[in-house]
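Chemist: Be aware that the sequence shown starts at 577, since it is given in the numbering used here, and climbs by one per residue.
What the hints contain is simulated information worked out from the structure, not anything from laboratory work. Just to be clear, a hint being listed does not mean it is correct.
Once the Cα atoms are required to be at most 20 Å apart in a straight line, the calculated EDC-like pairs of lysine to aspartate or glutamate come out as [claimed, not checked]:
{"id": "1", "residue 1": "Lys665", "residue 2": "Glu619"}
{"id": "2", "residue 1": "Lys665", "residue 2": "Glu704"}
{"id": "3", "residue 1": "Lys618", "residue 2": "Asp662"}
{"id": "4", "residue 1": "Lys665", "residue 2": "Glu710"}
{"id": "5", "residue 1": "Lys648", "residue 2": "Asp599"}
{"id": "6", "residue 1": "Lys648", "residue 2": "Glu704"}
{"id": "7", "residue 1": "Lys618", "residue 2": "Glu669"}
{"id": "8", "residue 1": "Lys648", "residue 2": "Asp662"}
{"id": "9", "residue 1": "Lys648", "residue 2": "Glu685"}
Label pairs and their in silico Cβ distance ranges [said to hold, decoys possible]:
{"id": "10", "residue 1": "Arg624", "residue 2": "Thr589", "range": "25 to 33 Å"}
{"id": "11", "residue 1": "Met577", "residue 2": "Gly689", "range": "30 to 38 Å"}
{"id": "12", "residue 1": "Asn654", "residue 2": "Thr611", "range": "17 to 25 Å"}
C-beta atoms are modelled at their ideal positions from N, C-alpha and C, and glycine is treated no differently.
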Amino acid sequence: MALFLHFGPNTFTDTEWGTGHADPSVFNPTALNATQWVTVAKENGFSRVILTAKHHDGFCLWPSDYTDYSVKSSPWRNGDGDVVGDLAKAAQEAGIQLGFYLSPWDRHEATYGKTQEYNEYYMGQMTELLTRYEE
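All chains, full assembly: derive it from the sequences and hints.
Modeler: Here is the structure:
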């Protein structure tokens, strides 16, 4: 079984659909504990966790080099936080598989809809996720 984790600015704005315009300062999970997430998953029979690293609002839960609309522009850990990194480390330590969801729709990114330009942007972010957090 896989546990799907959806976490981001909407968690703090209490909205279902993000517009891509929420101020990054709303993202401040001061009590975030990725080890707790992984422990609960493992204790309940899950062998993998999947994190929405970026949903359609475009906010990245890692410090992407492609946008400032990410944890690096939030007050959480003074802009040095990395939800993806925390979860990757916790999953590796617990022996749980890790996956990411990277939304192809990005309501924040101005190049969305400009096929070649956005494809390069999207592939750059995908490359970040697939190379920064490998075991």
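Chemist: To test your reading of the hints: which numbers does this structure violate?
Modeler: Every hint satisfied by this model.
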